[in-house]
Amino acid sequence: MDSWTDDEIKGKVLHKLVRFGKFEASHTAIENLQKGFPSHLQGRAKEMVIELKKERILLPKRTSYGEQISINLIMKNKVMEYVQKFLMKE
Numbered sequence: 031m032d033s034w035t036d037d038e039i040k041g042k043v044l045h046k047l048v049r050f051g052k053f054e055a056s057h058t059a060i061e062n063l064q065k066g067f068p069s070h071l072q073g074r075a076k077e078m079v080i081e082l083k084k085e086r087i088l089l090p091k092r093t094s095y096g097e098q099i100s101i102n103l104i105m106k107n108k109v110m111e112y113v114q115k116f117l118m119k120e
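Residue numbering for the sequence shown follows my numbering, starting at 31 and increasing by one per position.
None of these hints come from the bench; they were simulated from the model.
A few of these clues could be false.
[Claimed, not checked] DSSO-like cross-link-like pairs, simulated, lysine-lysine; straight-line CA separation at most 27 angstroms:
id, residue 1, residue 2
1, K65, K91
2, K108, K84
3, K119, K65
4, K106, K91
5, K46, K83
6, K115, K76
7, K108, K46
8, K76, K65
9, K83, K119
10, K76, K108
11, K115, K84
12, K106, K119
13, K115, K83
14, K76, K106
15, K65, K84
16, K84, K106
17, K91, K119
18, K106, K83
19, K46, K106
20, K46, K84
21, K65, K46
22, K106, K65
23, K115, K46
Based on the provided sequences and hints, a complete structural model is requested.
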């Protein structure tokens with residue numbers, strides 16, 4: 031089992047959102063963000079999504095069908111820092 035840092039997990043979450051163009055007005059369900067992680071990391075991935083929201087990197091949008099999330103374009107430099115950390119791991 032290889033170890034992941036919090037920043038690498040944040041980077042993977044953000045990388046996924048960047049690839050699918052989930053900026054500002056384009057949202058995805060918050061449950062989708064932990065998909066693609068090994069089962070032993072899904073809990074940490076969920077925690078990192080909460081931290082990214084606290085950092086204002088991810089913007090939540092409440093809907094009748096659940097919470098949706100998108101990337102805050104104002105934070106694009108920080109987003110790319112996290113993505114770079116993830117890409118360097120691979």
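Hint by hint, here is what the structure shows:
no., hint, result
1, K65 to K91, "19 angstroms, holds"
2, K108 to K84, "13 angstroms, holds"
3, K119 to K65, "18 angstroms, holds"
4, K106 to K91, "19 angstroms, holds"
5, K46 to K83, "16 angstroms, holds"
6, K115 to K76, "18 angstroms, holds"
7, K108 to K46, "15 angstroms, holds"
8, K76 to K65, "10 angstroms, holds"
9, K83 to K119, "23 angstroms, holds"
10, K76 to K108, "19 angstroms, holds"
11, K115 to K84, "20 angstroms, holds"
12, K106 to K119, "20 angstroms, holds"
13, K115 to K83, "19 angstroms, holds"
14, K76 to K106, "21 angstroms, holds"
15, K65 to K84, "21 angstroms, holds"
16, K84 to K106, "15 angstroms, holds"
17, K91 to K119, "31 angstroms, violated"
18, K106 to K83, "14 angstroms, holds"
19, K46 to K106, "14 angstroms, holds"
20, K46 to K84, "19 angstroms, holds"
21, K65 to K46, "10 angstroms, holds"
22, K106 to K65, "23 angstroms, holds"
23, K115 to K46, "14 angstroms, holds"
Going through the hint list in order, the structure does not satisfy hint 17, though it satisfies all others.
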